[in-house]
Each structure stands twice: as C-alpha cells, then as structure tokens.
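Trainee: Residue numbers (the working numbering), protein chains in the order written: chain A, 1 to 500; chain B, 1 to 500.
Some clues are possibly wrong.
To be verified - Quick look at which bits of chain B chain A covers, simulated, 3 or more residues with Cβ under 8 Å: (1) 61-68; (2) 74-84; (3) 98-108; (4) 149-159; (5) 302-315; (6) 381-387; (7) 471-482.
Said to hold, decoys possible - Residues from chain A that face chain B, not an exhaustive set, calculated with beta carbons under 8 Å: (8) Phe19; (9) Arg43; (10) Leu52; (11) Leu65; (12) Leu68; (13) Lys237; (14) Leu301; (15) Gln304.
Said to hold, decoys possible - Anything over 12 Å on all C-beta distances counts as not near chain B; from chain A, calculated: (16) Met60; (17) Leu79; (18) Gly344; (19) Asp382; (20) Ala395.
Worth flagging that the hints you see were computed from the coordinates, not collected in a lab. Keep in mind that this is a model prediction, so the values were computed, not measured. Idealized CB from N, CA, C, for every residue including glycine.
The residues making up each chain are set out below.
There are 2 protein chains.
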Amino acid sequence: MPPEAVSSPSSDQARAPLFEAMRDYAANEGAAAFHTPGHKQGRSMEPEFRRLVGEAALRMDLTELDELDDLHHPEGVILEAQALAAEAFGADATYFLVNGSTAGNHAMVVSVCDPGEKLIIPRNAHQSVVGGLILSGARPVYMRPVWDDALCVAHGVTPETVEAALVEHPDAKGVLVVHPTYFGGASDLRRIAAVCHAHGKPLLVDEAHGPHMHFHPDLPTSGMDAGADMVVQSIHKTASGMTQASMLHVRRGRVDLNRVRNVLGLVQSSSPNYLLMASLDTARRQLVTSGHRLLDETIRLAEQARRRLNALSGVHVFGRDRCRPDGLFDLDVTRLTINVTGLGLTGFQALKHLNERFDIQPEMATLHHVLLIVTVGNTARDLDRVVDAFAALSAEAARSGALRHAAVPAGLPVPDGLPTAALTPREAFFASTEAIAFEESEGRVCAELVAPYPPGIPILAPGEVITRDVIAYLKVAHAMGGFINGPEDARLGTIKVVLT
Amino acid sequence: MPPEAVSSPSSDQARAPLFEAMRDYAANEGAAAFHTPGHKQGRSMEPEFRRLVGEAALRMDLTELDELDDLHHPEGVILEAQALAAEAFGADATYFLVNGSTAGNHAMVVSVCDPGEKLIIPRNAHQSVVGGLILSGARPVYMRPVWDDALCVAHGVTPETVEAALVEHPDAKGVLVVHPTYFGGASDLRRIAAVCHAHGKPLLVDEAHGPHMHFHPDLPTSGMDAGADMVVQSIHKTASGMTQASMLHVRRGRVDLNRVRNVLGLVQSSSPNYLLMASLDTARRQLVTSGHRLLDETIRLAEQARRRLNALSGVHVFGRDRCRPDGLFDLDVTRLTINVTGLGLTGFQALKHLNERFDIQPEMATLHHVLLIVTVGNTARDLDRVVDAFAALSAEAARSGALRHAAVPAGLPVPDGLPTAALTPREAFFASTEAIAFEESEGRVCAELVAPYPPGIPILAPGEVITRDVIAYLKVAHAMGGFINGPEDARLGTIKVVLT
Numbered sequence: 001m002p003p004e005a006v007s008s009p010s011s012d013q014a015r016a017p018l019f020e021a022m023r024d025y026a027a028n029e030g031a032a033a034f035h036t037p038g039h040k041q042g043r044s045m046e047p048e049f050r051r052l053v054g055e056a057a058l059r060m061d062l063t064e065l066d067e068l069d070d071l072h073h074p075e076g077v078i079l080e081a082q083a084l085a086a087e088a089f090g091a092d093a094t095y096f097l098v099n100g101s102t103a104g105n106h107a108m109v110v111s112v113c114d115p116g117e118k119l120i121i122p123r124n125a126h127q128s129v130v131g132g133l134i135l136s137g138a139r140p141v142y143m144r145p146v147w148d149d150a151l152c153v154a155h156g157v158t159p160e161t162v163e164a165a166l167v168e169h170p171d172a173k174g175v176l177v178v179h180p181t182y183f184g185g186a187s188d189l190r191r192i193a194a195v196c197h198a199h200g201k202p203l204l205v206d207e208a209h210g211p212h213m214h215f216h217p218d219l220p221t222s223g224m225d226a227g228a229d230m231v232v233q234s235i236h237k238t239a240s241g242m243t244q245a246s247m248l249h250v251r252r253g254r255v256d257l258n259r260v261r262n263v264l265g266l267v268q269s270s271s272p273n274y275l276l277m278a279s280l281d282t283a284r285r286q287l288v289t290s291g292h293r294l295l296d297e298t299i300r301l302a303e304q305a306r307r308r309l310n311a312l313s314g315v316h317v318f319g320r321d322r323c324r325p326d327g328l329f330d331l332d333v334t335r336l337t338i339n340v341t342g343l344g345l346t347g348f349q350a351l352k353h354l355n356e357r358f359d360i361q362p363e364m365a366t367l368h369h370v371l372l373i374v375t376v377g378n379t380a381r382d383l384d385r386v387v388d389a390f391a392a393l394s395a396e397a398a399r400s401g402a403l404r405h406a407a408v409p410a411g412l413p414v415p416d417g418l419p420t421a422a423l424t425p426r427e428a429f430f431a432s433t434e435a436i437a438f439e440e441s442e443g444r445v446c447a448e449l450v451a452p453y454p455p456g457i458p459i460l461a462p463g464e465v466i467t468r469d470v471i472a473y474l475k476v477a478h479a480m481g482g483f484i485n486g487p488e489d490a491r492l493g494t495i496k497v498v499l500t
Numbered sequence: 001m002p003p004e005a006v007s008s009p010s011s012d013q014a015r016a017p018l019f020e021a022m023r024d025y026a027a028n029e030g031a032a033a034f035h036t037p038g039h040k041q042g043r044s045m046e047p048e049f050r051r052l053v054g055e056a057a058l059r060m061d062l063t064e065l066d067e068l069d070d071l072h073h074p075e076g077v078i079l080e081a082q083a084l085a086a087e088a089f090g091a092d093a094t095y096f097l098v099n100g101s102t103a104g105n106h107a108m109v110v111s112v113c114d115p116g117e118k119l120i121i122p123r124n125a126h127q128s129v130v131g132g133l134i135l136s137g138a139r140p141v142y143m144r145p146v147w148d149d150a151l152c153v154a155h156g157v158t159p160e161t162v163e164a165a166l167v168e169h170p171d172a173k174g175v176l177v178v179h180p181t182y183f184g185g186a187s188d189l190r191r192i193a194a195v196c197h198a199h200g201k202p203l204l205v206d207e208a209h210g211p212h213m214h215f216h217p218d219l220p221t222s223g224m225d226a227g228a229d230m231v232v233q234s235i236h237k238t239a240s241g242m243t244q245a246s247m248l249h250v251r252r253g254r255v256d257l258n259r260v261r262n263v264l265g266l267v268q269s270s271s272p273n274y275l276l277m278a279s280l281d282t283a284r285r286q287l288v289t290s291g292h293r294l295l296d297e298t299i300r301l302a303e304q305a306r307r308r309l310n311a312l313s314g315v316h317v318f319g320r321d322r323c324r325p326d327g328l329f330d331l332d333v334t335r336l337t338i339n340v341t342g343l344g345l346t347g348f349q350a351l352k353h354l355n356e357r358f359d360i361q362p363e364m365a366t367l368h369h370v371l372l373i374v375t376v377g378n379t380a381r382d383l384d385r386v387v388d389a390f391a392a393l394s395a396e397a398a399r400s401g402a403l404r405h406a407a408v409p410a411g412l413p414v415p416d417g418l419p420t421a422a423l424t425p426r427e428a429f430f431a432s433t434e435a436i437a438f439e440e441s442e443g444r445v446c447a448e449l450v451a452p453y454p455p456g457i458p459i460l461a462p463g464e465v466i467t468r469d470v471i472a473y474l475k476v477a478h479a480m481g482g483f484i485n486g487p488e489d490a491r492l493g494t495i496k497v498v499l500t
C-alpha cells in the first residue's frame with residue numbers, strides 16, 4: 001500500500017506530538033504535582049535508581065495530564081501520534097501498545113473470534129496467540145508451516161496451505177500468520193491476503209519481528225503493504241521502541257474497530273507508561289525520516305557478515321538464495337541464523353563460547369543454530385567481532401578434528417498429523433489438572449504446550465490428546481539434546497494433564 | 001503479619017538484586033548485542049529521545065540475558081528480588097507486574113473463579129476487576145459500599161456487608177475489596193478477613209492505592225497485614241515504581257499459586273520491560289530502609305495542610321476525625337479530598353483554577369472535590385502552594401459573595417437496589433450491540449459500564465437490564481453536572497445495548 005510514507009513523508013512525519021508534549025511538560029520546573037506516579041518526576045525516586053537511570057527519564061515518567069492525552073480515550077497528542085503512525089505504516093488506524101505484542105495478538109484474536117468460533121493459525125504461532133484463544137474461547141485450526149529439513153528451521157505458511165484450510169473450514173472467522181518468523185522467514189503474504197479476502201475472511205499478521213520491513217524495498221513485504229487487515233509489530237524488537245512497546249495496525253472493512261478498542265481497553269494497563277508510548281512516537285519518526293538510509297547500512301553489514309561467515313569451514317548461514325515459491329518465500333536478511341553443527345558444536349555450546357569468550361550476546365540458540373538479530377543499532381565492529389569469533393571457533397574445530405563437512409545435518413522430521421483436540425485451549429486452561437508420569441500419559445488430555453526445539457513447532461497444545469507416537473517423538477527430541485519449551489517439567493519426566 | 005520487615009529488615013533488604021544485575025551489566029561497555037531491543041542499549045535510539053530521556057536509562061532497557069533472569073520463569077535475580085519483596089510486604093510470594101495493577105486484578109479474579117462462578121465484589125470496584133470477570137466468565141455479586149452522604153464520597157465495605165453477602169451466596173468463590181479507595185477510605189480489613197476465612201473463602205484486595213501503608217503505623221492496616229490472601233499494589237502510585245509497575249502479593253493456603261502464575265503468564269507481555277521491574281526492586285528497598293522516616297514527614301505535611309485548609313472559609317477536607325466503625329473505618333491521611341462547593345465552585349472549576357493560575361496538578365476532580373495524592377515525592381513548598389492557592393480562592397469567593405456556609409451540600413443519594421443482571425460481564429462483552437437513544441432504552445440489556453461521578457459508583461454494569469428508575473437517576477446525575485464515566489456517549493444521548 002502507500003509507500004509514499006517512505007519516499008515522500010508528509011511534513012508532519014517530522015513531528016512527534018506525544019513525545020514533544022512530554023518534553024515541553026518536563027521542561028516546566030514549576031508544577032506542584034499531586035498526581036501519580038508517586039515519585040513525582042523522580043523527586044523521591046530511590047536514590048541509586050535515580051542516579052543510574054537518570055533524572056531526565058524520570059521527569060518524563062508522566063501520567064494522563066490534560067496536555068498528555070489518555071491512551072484509552074485519545075483525543076489529543078496520542079490520537080495525533082497514532083494517526084501519524086497509521087500514515088507511516090500504511091494503516092487506516094494504529095493503536096499504541098504498552099503490554100507488548102502480547103496485547104496486540106490478544107486484541108487480534110479476541111476481536112475476530114467469539115467463544116467457540118474457529119481461527120486458522122500456524123502450528124508455530126507465538127504463545128500469545130494461544131493466549132488470545134484462551135481469552136476468547138476460540139477454537140484453533142492449525143496449519144502446518146513449511147519445514148525446511150536441510151536447515152532444520154520452520155518457515156511461514158504457503159498460500160496453498162491457507163487456501164486448503166479455508167476450504168476445509170469455511171466457518172473459520174479469519175486467518176492468522178507469523179510474518180516474518182523468528183528466523184526471518186517471510187511468506188507470500190500478498191497471495192495469502194488475496195486468498196483470505198476471496199473467502200471473505202480477515203488476515204491477521206503477527207509481525208512482531210518485522211516493524212522495519214515497510215521502510216526498505218530489499219526487505220520482505222510488510223503485512224500492511226500486502227493487504228492484511230490487522231498487523232501487530234514489536235517496535236522494540238527491530239526499531240527504536242523501548243522494550244514492551246508495540247503497535248497494532250488495522251485496515252478498515254473486515255474488522256470491527258470498536259471491538260478492537262474494547263479489547264485493548266480490557267487487556268492493557270489503565271496506567272500506561274508514557275516513556276513506552278513516547279518511544280513509539282519517536283521510533284515512527286525515525287523510521288520515516290531515516291529508516292531507509294539506516295536500514296541500507298544494516299542490510300549491507302548483515303549480508304557482508306553472512307558472506308564472510310559462509311566462507312568459514314563448518315559454519316552455515318542461509319540467505320536469500322534459499323528462497324523458492326513453495327518454501328522460504330522471502331527472507332529478512334538482517335536475521336542471521338548461524339548453523340554451527342559443522343563445528344561439532346550444538347547451538348547451546350556455541351552460544352556459551354560467544355558469551356563467555358567473545359562477549360557477544362546472541363538472541364537465542366537452538367540445538368543447531370545461534371540466532372543473531374542485527375538492527376540499525378549494530379555497527380560494523382559488532383559484526384566483525386562475530387566473524388572473528390566464528391573464524392576462531394572454525395580454526396579450533398579444524399585443529400581438533402571436530403570439523404564436519406556435512407554442515408547441515410538432518411534434524412528431527414516434523415510429524416505428519418496433529419493430535420486430536422478434546423478441549424479448546426480455554427477449556428484446558430480452566431480445567432483442573434494433575435502432573436503424571438510422561439511415559440504413562442497416553443490417552444490423557446494435555447494441559448500444557450509442549451514445543452521441542454528443534455523443530456520449534458508445538459507437538460502438543462493444551463486440550464490435545466496424548467498418543468503413543470507423540471510420547472515416542474518427544475523422547476527422541478529430548479534424547480537428541482533438544483530443548484523442550486512449554487511444560488513445567490522441561491525434562492518431561494512428568495506432564496500436566498486434565499483431571500478425569 | 002510480620003512487621004519485622006519494617007522494624008528489623010533482614011540485611012538482604014539493603015540489596016536490590018535485579019537492579020544491581022542490570023547496573024553491572026550496563027556498566028560493561030564491551031558486549032556486542034544481537035538481541036532485542038533493537039536500539040541496542042540506546043545506540044540507535046531516535047536522537048531526540050536519546051538526548052532527552054538520557055543514555056543511562058536506555059543502557060538499562062535490557063532483556064532476558066542470562067544474568068538478568070526471566071520474569072515468566074524466574075530462577076535468578078528476579079526470583080531473589082521477588083522474594084525480598086515478599087519478605088518486605090509480609091507475603092508468602094510476590095510477583096512483579098509490568099502491566100499495572102490491571103494484570104494483578106485479572107490474576108486475582110481469574111485464579112479464583114472458573115467460568116460461571118461467583119465473586120463477591122463492591123459495586124465501586126475498578127474496571128480492571130470487571131475486566132477479570134470478563135476474562136474468567138465469572139458472575140459478580142455486588143456489595144454496596146458505605147456511602148457518606150455528607151461527604152458525597154463512597155468508602156469501602158463493612159464486615160457486616162461481607163458477612164451478609166457470604167451468607168446469601170455460600171457458593172461464591174471469594175471476596176474482593178478495594179482498600180483504600182481512591183479517596184483514602186480504608187475498611188476494617190482484619191474483621192473482613194476473619195469473616196471470609198470463617199466461611200472458608202479467600203479475601204482478595206485491590207490495594208492499588210496502598211503500597212505505602214505497611215511501612216508506617218499511622219496509616220491504615222495493609223491487606224497482607226490484615227490476613228488477606230491476595231493483594232495487588234500499584235507501586236507506581238504511592239511508592240517509587242515507574243508508571244505501570246505493580247506487585248501481586250499472595251498468602252499460601254487458599255490460593256492456587258500455580259494458577260496465579262499461569263494467569264500472569266497469560267495476561268502479561270512476553271517482553272517485559274526491565275526498567276519497570278527494576279523500579280519495583282529499588283522501590284521495595286527504599287520502603288524498607290527509609291519508608292518509615294520518609295512517610296513520617298509526608299504524613300506530617302499532609303495533616304498540616306489538612307488543618308490549614310480546613311481553617312479556610314468554604315473549604316473542607318475530611319480527616320481521621322470522620323472515622324467510625326460503621327462508616328469510614330480508617331483513612332490514609334496522605335490523601336487530601338478537598339470539598340470546594342463552599343467556594344461556589346465545582347471540583348472541575350477548582351481544578352482548572354489550580355492548573356491554570358497556580359500551576360498545581362491535582363490527581364482528579366469530582367463535581368464536589370479536588371483530589372490530591374500526597375507522597376514522599378512532595379515537599380513542604382508543594383503543600384504551601386496548595387494552601388496559598390485555596391486561601392486566594394477563598395478570599396475571592398468571600399469578596400464576590402460566592403462563599404457558602406454549608407461547605408458540604410447533599411449529593412445524589414445512591415439508589416437502594418441494583419439492576420437485574422441478564423448476562424454475565426463476559427456474555428455482554430462478546431454480545432453484538434447497538435447504540436440506541438438512552439431515553440428509549442428501558443428493558444434493554446446494557447452493554448457498557450455507566451458510573452456517574454458523583455456518586456462514583458456504577459449505576460449500570462454490562463449485562464444489566466435498564467429500568468425507568470435508572471434512566472431517571474442518570475438524567476438527574478447528568479443535569480447536576482456530574483461526569484458520566486464509562487459509556488461511549490458520556491452525555492448519554494445514546495447508550496450501547498445488547499442486540500435482541
């Protein structure tokens with residue numbers, strides 16, 4: 001949609017109405033404050049906190065004063081700031097989120113689904129999407145993400161998968177996709193949007209990792225640009241929001257804006273933090289006015305590091321050359337998913353080396369990979385350090401004979417079918433549960449999410465019946481050294497099931 | 001319970017484990033950061049935001065690094081910080097909240113009530129309590145708060161009211177009270193806790209306005225000290241938390257801690273802001289080590305201001321002399337509720353004068369009052385300014401003949417009965433609705449909260465049937481100049497009702 005916002009921003013995009021109002025308010029030394037927060041612009045803040053965090057930040061930790069509007073009923077500077085964000089990202093309406101993209105995913109799911117209604121989601125959706133299902137009482141219809149066996153990475157979904165789900169479930173209220181994935185994998189979102197709209201359904205996009213994409217043509221198409229109806233973005237993840245600051249963008253037509261506002265009023269704090277909101281306002285200004293230039297350099301640095309890393313023995317980082325219509329459709333190249341199995345290391349071990357010996361902090365590790373999030377905050381020096389560290393690890397592996405030529409070993413294949421759902425996520429959440437021996441859980445209804453990494457796709461979701469095959473699969477995943485995300489007992493000695 | 005925390009804090013209370021870990025991490029200049037947030041400790045933050053908020057704060061906007069633990073699965077410094085908070089406030093377990101007390105009220109309600117179950121709450125509970133009912137699907141049983149006709153202020157509830165509700169609804173799952181109210185009114189919480197426990201029910205306390213109370217003997221008894229089972233506190237309101245930073249305290253026995261953790265995992269961001277969390281850690285340290293001394297001075301300043309304000313013609317601030325067992329049981333004297341009707345002004349007009357002419361920012365106004373929140377962040381000079389401003393307003397009123405001797409006029413009495421509930425709040429939230437003329441809404445099911453100030457008590461809640469009496473009452477409240485909180489059309493030309 002409107003990339004005018006990038007090429008020729010309206011003059012108002014140089015403004016940041018909320019931030020500026022806070023700046024002006026904080027500059028006034030005179031007011032006697034008898035409102036919250038209790039620290040009164042830092043005056044009584046705990047001394048060490050004030051000294052180290054700084055008085056300037058605390059002077060701007062403000063509240064719903066007349067000049068500063070009200071997130072839940074915006075009529076002034078917050079309304080203006082949100083309108084500028086909508087213009088910048090190509091939305092009809094944008095809402096600032098102070099409870100992270102969690103709140104946005106909740107709002108998307110609950111505003112589309114009444115209790116008992118169906119929503120089509122990928123099996124590797126974020127837990128906050130499942131959270132939205134729990135809040136709404138909706139019923140998930142799962143799509144299988146593209147599984148890249150050679151990379152041991154799950155990507156997005158194909159338009160064909162979306163079409164098939166809609167044909168099989170014409171009563172579904174909408175489709176939600178993750179775009180891009182944690183590993184930067186993008187789907188053919190324009191075609192997916194067209195498929196959804198041909199069926200008269202809204203497309204919801206969890207774009208937590210993609211707020212920068214709209215601002216550079218060498219990045220995958222953003223949800224709003226592809227025609228999606230709702231898009232959630234963690235502005236803090238790849239743009240200049242403070243942690244926990246996100247946005248929800250909405251396109252009019254298939255979505256009830258009134259319902260969206262009601263849900264946001266329900267799931268977000270009635271005392272929203274103004275620093276978080278102001279950072280959304282200035283992050284938008286930065287993306288519009290300097291995003292293209294800054295991202296140009298970030299993309300260049302990431303691509304250069306990718307090439308240099310791939311030149312090292314035992315190291316592999318997939319790139320855009322991996323893209324094909326029925327697999328990884330497109331890639332956010334600023335995401336570096338570094339396969340380290342060729343070094344004779346697990347991702348967990350490599351991460352420890354990077355941390356302890358090279359003072360490099362990756363985002364996370366899987367059994368096979370270390371994942372780096374490269375943003376406009378990174379410098380050439382940062383990426384040089386990564387390449388140098390891996391050069392050292394590669395040389396060490398060569399010396400010790402650990403180097404393997406098959407840089408990308410086969411991972412655990414993803415099971416074909418899905419377990420049967422006996423309860424909705426909401427029913428399972430409220431059910432009474434007990435922890436029993438995992439070995440003996442066949443036939444019971446699972447009350448937890450169980451997502452082994454790899455493959456990073458849940459094998460069991462709350463409300464699903466545990467089968468012998470699932471037990472066998474998870475035992476193999478654990479024995480391989482995979483990390484089991486979700487259950488209280490990550491070693492799967494026990495599992496939480498619904499009381500019968 | 002254990003006021004040892006105040007008189008002889010364990011030596012560890014001088015520590016702030018989470019804050020200190022962040023301080024130490026931020027002091028390290030060396031790490032190459034490939035994790036979120038994207039601004040990488042401020043490096044690429046929008047320039048004006050960075051300059052005005054300060055680099056120091058941004059260096060501490062961190063994420064779940066090994067050293068910094070994980071709010072949703074705490075095993076390190078967050079676990080320690082929460083344990084110190086539990087010790088300080090007299091709880092068995094404390095949870096840090098980054099989505100405000102909204103998240104805490106949600107957690108209290110949802111962890112006690114399954115869908116369809118009853119919870120006993122005061123009619124003037126915060127909207128986030130109703131939010132908890134919407135999330136859980138629980139059914140409210142309303143208690144009538146004490147209405148102080150002479151003050152035009154609603155207080156808490158009496159133990160007799162709680163007892164009567166429990167006798168009438170033996171199937172209720174628990175009792176929730178607001179303590180103190182927005183106006184500082186405290187209930188006889190020890191007796192209320194005893195009543196609840198005699199019936200085998202947990203007592204939940206929305207103590208959003210009371211985190212300081214435990215730390216000074218001249219303040220009302222805190223929820224935890226009174227024996228409550230769960231207590232939510234907005235640390236940002238009257239202690240040194242950053243806005244949106246709260247705590248949930250839990251006593252073991254009548255509450256399922258596992259369920260509490262599950263609900264918090266559901267309703268809180270999966271990217272919690274570390275500055276908010278760290279401010280909880282240092283706010284606790286400050287309360288334990290200096291709270292008594294600081295509050296001593298705050299109480300002295302507030303009481304002195306109360307006396308000086310009450311000496312002015314046309315101004316009235318109620319104090320502890322107003323307390324009696326069956327009414328306002330106790331009062332947080334740091335809260336100044338200034339009745340201005342004797343000046344011939346509404347609270348809204350007085351607030352405007354204070355703002356525009358005296359640069360004083362109250363917390364809020366009602367038709368009759370201006371409300372000031374006095375905290376350890378206020379100075380003698382702040383309170384002198386308030387007294388001087390009211391002295392000027394009083395002199396002006398005397399000159400213009402506006403001064404009235406009946407400083408406290410009668411307000412609108414609270415209706416005796418409650419409307420009939422046709423739907424639960426959850427059912428009403430998900431129902432299809434339409435806006436119709438308020439005049440013609442008799443017999444329809446309301447889909448909004450309608451709370452006129454005064455009396456500051458909802459007259460209609462979502463799911464309740466609109467009667468002729470309710471229509472007449474709200475028209476009078478609006479004609480009196482009352483502010484109608486809740487409905488989309490605050491002038492009540494229209495009202496949102498459930499589609500039939």
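Trainee: All the hints need checking, so say for each whether the structure fits it.
Mentor: Going through the hints against the structure:
no.: 1; hint: 61-68; verdict: holds (count 5)
no.: 2; hint: 74-84; verdict: violated (count 0)
no.: 3; hint: 98-108; verdict: holds (count 6)
no.: 4; hint: 149-159; verdict: violated (count 0)
no.: 5; hint: 302-315; verdict: violated (count 0)
no.: 6; hint: 381-387; verdict: holds (count 4)
no.: 7; hint: 471-482; verdict: violated (count 0)
no.: 8; hint: Phe19; verdict: holds (7 Å)
no.: 9; hint: Arg43; verdict: holds (4 Å)
no.: 10; hint: Leu52; verdict: holds (6 Å)
no.: 11; hint: Leu65; verdict: holds (6 Å)
no.: 12; hint: Leu68; verdict: violated (11 Å)
no.: 13; hint: Lys237; verdict: holds (5 Å)
no.: 14; hint: Leu301; verdict: violated (12 Å)
no.: 15; hint: Gln304; verdict: violated (15 Å)
no.: 16; hint: Met60; verdict: violated (6 Å)
no.: 17; hint: Leu79; verdict: holds (15 Å)
no.: 18; hint: Gly344; verdict: holds (22 Å)
no.: 19; hint: Asp382; verdict: violated (4 Å)
no.: 20; hint: Ala395; verdict: holds (20 Å)
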